[in-house]
Amino acid sequence: MGNKQTVFTHEQLEVYQDNPFRQRIAQVFSEDGDGHMTLDNFLDMFSVMSEMAPRDLKAYYAFKIYDFNNDGYICAWDLEQTVTKLTRGELSAEEVSLVCEKVLDEADGDHDGRLSLEDFQNMILRAPDFLSTFHIRI
Amino acid sequence: MAQPLNFVLHVPETPEDHGQEPSPYDESDVHDSFHQLIQEQSRWVAEEGLELQERERGAGAPQTTGSGSRIPPGPEDAGAPSTATLRILASMPSRTIGRSRGAIISQYYNRTVQLRRRVSRPELRGVGRSARPSLRLYDLELDPAALEEEEKRLLLVKELQGLTVAQRDHMLRGMPLGLAEKRCLRSVPVGLGRLQTHCRGGGGLGGGYPLGGVRSIPGPTLMPPVSPERRAGPQGGSGGAGLAGVGSSPAVAGSETPASCNSSLTRPCALPPGGPCGREAESLPYNMPLAYLFTVGVAFFITCITLVYSMSRSFGESYRVGSASGVHAVTVFCSWDHKVTQRRASRLQCDNIRTHLKELLAERQRRQGPRSACGRLRHVAVLGLVWLLCLGTTVGCTMAVYAFSELMIKSPVSADQEGALLALPVVVCLLNLGAPYLFRCLAALERQDSPVLEVYLAICRNLIFKMAILGILCYHWLGRRVGTLKDQCWENFVGQELYRLTVLDFIFVLLDTLFGELVWRLISEKKLKRREKPEFDIAGNVLELIYGQTLTWLGVLFCPLLPAVQIIKLLLIFYVKKTSLMANCQAPRRPWLASHMSTVFVSLLCFPSFLGAAVFLCYAVWQVKPSSTCGPFRTLDTMYEAGKVWVRRLEAAGPRVSWLPWVHRYLVENTFPIYLVSALLLAVIYLNIQVVKGQRRVICLLKEQISNEGEDKVFLINRLHSVYERKERSRAGRSQETERLVDHPDAW
Numbered sequence: 001m002g003n004k005q006t007v008f009t010h011e012q013l014e015v016y017q018d019n020p021f022r023q024r025i026a027q028v029f030s031e032d033g034d035g036h037m038t039l040d041n042f043l044d045m046f047s048v049m050s051e052m053a054p055r056d057l058k059a060y061y062a063f064k065i066y067d068f069n070n071d072g073y074i075c076a077w078d079l080e081q082t083v084t085k086l087t088r089g090e091l092s093a094e095e096v097s098l099v100c101e102k103v104l105d106e107a108d109g110d111h112d113g114r115l116s117l118e119d120f121q122n123m124i125l126r127a128p129d130f131l132s133t134f135h136i137r138i
Numbered sequence: 001m002a003q004p005l006n007f008v009l010h011v012p013e014t015p016e017d018h019g020q021e022p023s024p025y026d027e028s029d030v031h032d033s034f035h036q037l038i039q040e041q042s043r044w045v046a047e048e049g050l051e052l053q054e055r056e057r058g059a060g061a062p063q064t065t066g067s068g069s070r071i072p073p074g075p076e077d078a079g080a081p082s083t084a085t086l087r088i089l090a091s092m093p094s095r096t097i098g099r100s101r102g103a104i105i106s107q108y109y110n111r112t113v114q115l116r117r118r119v120s121r122p123e124l125r126g127v128g129r130s131a132r133p134s135l136r137l138y139d140l141e142l143d144p145a146a147l148e149e150e151e152k153r154l155l156l157v158k159e160l161q162g163l164t165v166a167q168r169d170h171m172l173r174g175m176p177l178g179l180a181e182k183r184c185l186r187s188v189p190v191g192l193g194r195l196q197t198h199c200r201g202g203g204g205l206g207g208g209y210p211l212g213g214v215r216s217i218p219g220p221t222l223m224p225p226v227s228p229e230r231r232a233g234p235q236g237g238s239g240g241a242g243l244a245g246v247g248s249s250p251a252v253a254g255s256e257t258p259a260s261c262n263s264s265l266t267r268p269c270a271l272p273p274g275g276p277c278g279r280e281a282e283s284l285p286y287n288m289p290l291a292y293l294f295t296v297g298v299a300f301f302i303t304c305i306t307l308v309y310s311m312s313r314s315f316g317e318s319y320r321v322g323s324a325s326g327v328h329a330v331t332v333f334c335s336w337d338h339k340v341t342q343r344r345a346s347r348l349q350c351d352n353i354r355t356h357l358k359e360l361l362a363e364r365q366r367r368q369g370p371r372s373a374c375g376r377l378r379h380v381a382v383l384g385l386v387w388l389l390c391l392g393t394t395v396g397c398t399m400a401v402y403a404f405s406e407l408m409i410k411s412p413v414s415a416d417q418e419g420a421l422l423a424l425p426v427v428v429c430l431l432n433l434g435a436p437y438l439f440r441c442l443a444a445l446e447r448q449d450s451p452v453l454e455v456y457l458a459i460c461r462n463l464i465f466k467m468a469i470l471g472i473l474c475y476h477w478l479g480r481r482v483g484t485l486k487d488q489c490w491e492n493f494v495g496q497e498l499y500r501l502t503v504l505d506f507i508f509v510l511l512d513t514l515f516g517e518l519v520w521r522l523i524s525e526k527k528l529k530r531r532e533k534p535e536f537d538i539a540g541n542v543l544e545l546i547y548g549q550t551l552t553w554l555g556v557l558f559c560p561l562l563p564a565v566q567i568i569k570l571l572l573i574f575y576v577k578k579t580s581l582m583a584n585c586q587a588p589r590r591p592w593l594a595s596h597m598s599t600v601f602v603s604l605l606c607f608p609s610f611l612g613a614a615v616f617l618c619y620a621v622w623q624v625k626p627s628s629t630c631g632p633f634r635t636l637d638t639m640y641e642a643g644k645v646w647v648r649r650l651e652a653a654g655p656r657v658s659w660l661p662w663v664h665r666y667l668v669e670n671t672f673p674i675y676l677v678s679a680l681l682l683a684v685i686y687l688n689i690q691v692v693k694g695q696r697r698v699i700c701l702l703k704e705q706i707s708n709e710g711e712d713k714v715f716l717i718n719r720l721h722s723v724y725e726r727k728e729r730s731r732a733g734r735s736q737e738t739e740r741l742v743d744h745p746d747a748w
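Listed in order, the protein sequences are those of chains A and B.
Counting in UniProt numbering, the first sequence runs from 1 upward without gaps.
Counting in UniProt numbering, the second sequence runs from 1 upward without gaps.
If you're looking for bench data, these hints aren't it; they were derived computationally from the structure.
One thing to keep in mind: the hints can contain errors.
Said to hold, decoys possible - Just so you have them, the derived chain B footprint on chain A, three or more residues with Cβ under 8 Å: (1) 71-85; (2) 91-105; (3) 120-133.
All C-beta atoms in this analysis are idealised placements derived from N, C-alpha and C, irrespective of residue type, glycine included.
Required output: the full structure, derived from the provided sequences and hints.
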């Protein structure tokens, strides 16, 4: 982290933790689903987020991260949560719903109003930057 | 799946009895691609159906039906049908692929089998009656009998043992399973019967490959320093130590003529054959000019192959067949860079994403609102005017360079006024520096709708400008200088000019970095009191690099050490730009689709830049008469003739190498093989185009099929609801009937 300290206060740590999806990542990779990780879970998380992980694996876990209610689909509510977290709530509600609508239009293949894992993977194929953005460097 | 299914559903009497298997799962009545997985999942569903129901109720996720949704608002009305429907939904294949370990194992088992049998492209014939996953390209079970999870794991382990180590590791890497499970799948247990106890892994997720590591970045390699085989004579670079480049070691020196080079080998043999002389006459004569040409040619060929390979790889990564633009989805899901950890940087990233989303929405609205005819006309007129101005600037600068070069020819430079030779390169570099800023000002008049189009237009205009300037310079060298430098070395002169251009380009880039970035930042912070740093112009910098590389490729024949100079120049530019970027600039506001842009830049490097240099060199080798006072080609009409001369000497050399002249006469001089090769290449290209067209069509058909399956799912759910409702009503009716009978037993 570039500091010589070994003990950080909560405020100091907060400066380094500004990923809006940090809680979801911890929940997805933990065994019991509420963010408490064992060493194996920790290793799994960093190996999935490393640069050598294959695209399908990353897409699988990205899907789980964006699926806030854990129902196996990314529905409109999940999308709204994602967009709100991405923009820190600085988009108006109307804009958020417009964006969600456009996303469903573009990515939903079977027109059931939500994204399944395959829709998501299909969409990820069109995004060659995904491998480099879904990556945490140690 | 067009015909309606005719089935009878046996709805359970008491929906709360979870132990009983609900009988919509009866084999003959249900679409059979659900059957296997439903059977496998029924026990799981029995436990988890209740949990799912509670989660659905308790998660607070409102089932908002979007504009495209067709799911009937069933679950809100009655509690009982919703549980059964939820159970059925929970067992759908598209859901279990994501969740159940058994499905993951069988999916990867099938993938392993496919890998072993080397089935690369999935067959389209077997796609008939499908329900996703992925239109039955991954058969969930190979044989109809439903297997236990342990048996499937055994099968998977057996298949994995049949692969090579690299393939096995690659397969394991992609599996979304626990680290412990993967470890035990990879290890070879002594007896497979002990697999069940050995591999009882917990839940958990994938792992098992080294973290970090350096990813090798493919890219076009620069021309390596050419060091052709020379037997004699220092063939130094045309620069020497001086900037003006006129030194004591001219570019193409060659203190020996070709004749003297080979004289020892072609001395007429006075002794009788069979003696030592015979052995000498049989050995191949060494032809230095041809060796030089071959070296340059082979280097160019390797560069060409590398460029084309790199271009095709980046095309393959960034453009997919049949993909429409899903820019909103890509922005929402793929634009957050998880590497960013500091608060300020992540705030910046949030702002960027928000701005991008707003721009996308605004673009849509603007596109939807049709512009009036007057507005469109005005827009087209402004566009035409700006293009006219840019092209006019290009033409004007080209004429200026031409006029200046004619002036330089008319006033010859004496030996002690060598600094005057720098005038033309300085003028060229100044024009190259000023034109992008002018184009940027002109583009501000345009007010384009989409920022990506602005970037492409800027790249286009700058590229046309630079290529025009280089074109006029090439004409000046090969067309005019060759004529005026009759008794001197024109090759030297061209090599020196290119060296001067390279070095001055480097100096001007440094100056531009200094004034464009550092001084501008100081001015904008102190005088104008703006907090923003200047933006780093990626397109402009990459075009500068492409221009520098073009100069190197143009000059490699005349100045063989130019690539070494270019390498040093690139290293220095890299570190200077990096320091300046970190200190003075901010990230560009426009969102950069990095992979698309790198594809564009690699293709720009290949097409105008490399191709232009290759054309220039081909013309110089084929058509231009080499200078008669210096160089290894001084006795020849064109440089290409060195090959012909050597072939004639080979013919006289003896029968051992007679195949080379034969090859030369029938394959190189003859035009028929070239036509044949071109025809073959065209045929291959045509085939590939047809394959791509076919793939596009298949993708359209598959998309339609997916959409149809969605409709089918909705239809099935509606039928389920109606059947449940009917059963509920009939049950309610029957219970009322029995109550009435109980109350009034004499009604019987």
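ask   = Are three or more residues of the stretch 71-85 of chain A within 8 Å, CB to CB, of chain B?
value = This one holds; 10 residues, not fewer than the three required, reach chain B with a Cβ under 8 Å.
Given coverage of the stretch 91-105 of chain A by chain B, tested with a Cβ cutoff of 8 Å and a minimum of 3 residues = Held - the stretch 91-105 of chain A has 10 residues with a Cβ nearer than 8 Å to chain B, which meets the minimum of three.
message = Cut-off 8 Å, C-beta pairs, minimum 3 residues; does the coverage of the stretch 120-133 of chain A by chain B stand?
response = holds (count 11)
When held up to the earlier numbered hints, the structure conflicts with none and fits them all.
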